[in-house]
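So the sequence lines, in the order shown, correspond to chains R and G.
Each residue of the first sequence is one higher than the last, beginning at 1 in my numbering.
Each residue of the second sequence is one higher than the last, beginning at 1 in my numbering.
Just so you know, the hints here were simulated from the structure itself, not pulled from any lab data.
Ideal placement from N, C-alpha and C gives every residue a C-beta, glycine not left out.
Among these hints, one or two may not hold up.
[To be verified] What the simulated footprint calls covered on chain R by chain G, stretch by stretch (three residues with Cβ under 8 Å from a Cβ of chain G suffice, anywhere in the stretch; the number is not a length): (1) 12-19; (2) 344-358; (3) 379-386.
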Amino acid sequence: MALTTRAAALLLLGLVPVVLRPAGSTVWAWLLVWLVVVGADLLLAASPSQVRMTREGEALQVRLGESVPTSLVLENTSGRTARGLVRDGWPPSAGTRPARHRVSVPGHERRRVTTTLVPTRRGDRVADRVTLRLAGPLGVAARQRSVEVPGRVRVLHAFPSRKHLPSRLAVLRELDGRAAVRTRGQGTEFDSLRDYVDGDDVRSIDWRATARRRHLVVRTWQPEQHRRIVIVVDTGRTSAGRVDDAPRLDAAMDAALLLTALAGHARDRVQVVAGDRRVHARITGADRATLLHDVISTLAPVDPQVVETDWGVLASEVTRSTHRSLVVLLTPLEPAAVEEGLVPVLPALVAHHRVVVASVSDPALERMRTSRDGSEEVWGAVAAERTTALRRGAADALGRLGVDVLDAPPEDLPVRLADHYLALKREGLL
Amino acid sequence: MTTTVATSATDASPVSASGVDGRRALRRGRTVVLWVVALVVGGALIAVAAGSPPPEDYLHPDGTGQSGTRALVEVLREQGVDVDVVSTAQEAVDAAGDGRGATVVVGNSDLLTDSAGRRLLEGTRRADRVVLLDGAPGMLDALGLGLTLGVPAKEPAAADCSLPWVEGGDRVSRLSWSVVPSAAARASGARGCFPTGSAGPDLPAGFAAVELPATSDHTVVTVLGIPDAATNRFVTEADHAGLVVRLLGGSPHLVWYHPDYEDAAANPPTTDDSVWPESVGPGLVVLALAFVAFALARGRRLGRLVPEPLPVVVRAAETTESRAELYRAAADRHRAAAVLRRASAARLATRVGLPPTASVDALAPAVADAAGVPAVDVDLLLQGGVPADDAGLVTLAQQLAHLEEKVRTS
């Protein structure tokens, strides 16, 4: 049961009889009247257990920053009109609007109540209980009940770097076109035979085929396809650090998504692994059409963990296949973590694969480094210079192992990684 | 040689160690005790010498300020009057004893309650006289003497009465109140001196002093409306001095009653008329009940709180900031300068096309060429001395940034 403020106001009205007949007994008499009124209102209220509630669309998906409606259907199975408040309980970061609804469901009818969710964080959000508070005809007392109505919304990564995809796809197409007139070489593979036309490179004539067909035939080449690309997203403690109020992991995922989209269009086989001491998400791009969606959806509930990353576990995911692959490790260049965790497993990886380490750098470091106005700032600048030097040392150490290192701020990293991929593809180094 | 001496000394010490140590501890303990005793005795002496400061109350018999009455009390003592100062009604009654040859005077009546006043009058029925020096405006009505206090309509011109302590030519000034006896009081023998006129044509006349004759309820009661006449400041004005000395010095024993808070607490006022209407009590109960109902109504949640799975919140730059704090706390300018110089040198080397590991000797001329500054300055900047203070470090950092900027824009 629940009282309303109207009940308190009704009790306050007792001041009138008290002023007219100032005695203690008046107070108790009024309290008795009030209790009777509240009790009667409570008895006349519709029962919340006789209102059946169902949710339309139990599993929702929404990209971070966008809104999604979720609807409850209230079916009143009793004869009384159910009048009161409904609250669809979600965690705060699900961003429910409005927080509560005023409803009135006549007997044996049903009503739909729609709550808009504007989530503020990536990940899965599970609906809590739905609470129904039905007031009596006077509105001084109400009956309340909370029930589980299952619901879930998966908040996907905002993928802000998708705006760069069209321009990178154009580069990819240009690469394709250029390769059509390209002769045999590294990074290309045999495409087809066709008749010779004037202007074709004479070196591309396939003499064996020409002999068979009795007219000149040339071989055409295309950029290599179906290369294997493994993107490893580190979700360990270093990925939890916030850069401009978003964890590094989000920027790393952004980069992984852009590369997945691009490599998918280039008909490469993409595999994405996210993990720290164990693997949290693994997507093998069997179906090219749904690849990007699968990756976004699978990575959505992955959060940074406060554990040290075990690179042995992640490296074994990569070395499952013996095919030569492009291995992209999305991990911050934290000198200590890199030296102790990553460096020991790298030689084995570099021996069989092309390895790229992509790290999210912190623009705050650069701001600290260049701000030299006063004593406090200069000490900050000294520390920032030291950190920068250590990071560069770690990057150099990786470079000496034969690893390509990319270190860029969150908004630049996806583009830098995509461009690096395109450059490798152009050079035929995959 | 030295070793031998030292060894013999250490050998010797354990033998007498306990004795020496014990005596030393004893001596130290005695010193401490002596110091404590000296402090306590000295403090006590100072406290006695300083005494308590003279009270500042209005009409206090020990008050040496402008509003005190010490001067008057001293004069009375010189006249051979035995003056007792008391602060409660019980003490005043006790001091007056069986009352013969005693005058009781109430000085400041701010803290005199009606019950204390009645107790005083009752206990001093055999005394020579009770004087209310400042008219006791707070409780005079409650005593039932038939006297009220009013605002004096005019300054009294002459005494115009025949009381033993008033002389024909006496003049008074500084009137605070006009004491107005009721018709009944006049009929029973109340006599007023120094008429102050009446506030209106139909109202009875007031006086600067009124004396009531002794009755079965009380002894002779004198109520004065000129309290200032007894103060150190105004006692020498007009004929105040003679007047109050004759009034208070009439008996060999004077009890000066100056009520304090203890007295007021021991004799609580008996006024009991309530200022609240009767419905306030039950009304407050209704208000409290309504408040509880309101709290219950607002406090009931619409469903339970939903927990939020919070993410790890740690800024990426936190380690660097902590490192800056450590550097700052350690104030290691040597290392700081080296870090700044090395970082700038590596960037400058890349800028002018040398390997980042190039020595400063090789770097300085190239940088000087690019920036258009003397090579000596560049050399000094990149491998000069350690700054002496924070200001020097700031200057160095800014000069390095400036040099890099110059090379970049050249």
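Evaluation of the provided hints:
Taking a C-beta to C-beta cut-off of 8 Å, the segment 12-19 of chain R contributes 5 residues in contact with chain G, enough for the three needed, and the coverage statement holds. For the segment 344-358 of chain R, the assignment as covered by chain G is violated, since 0 residues bring a beta-carbon within under 8 Å of that chain's beta-carbons and 3 are needed. Given a C-beta distance limit of less than 8 Å, the hint that chain G covers the segment 379-386 of chain R holds, as 8 residues qualify and 3 suffice.
In the structure shown, a violation is registered for the earlier hint numbered 2 alone.
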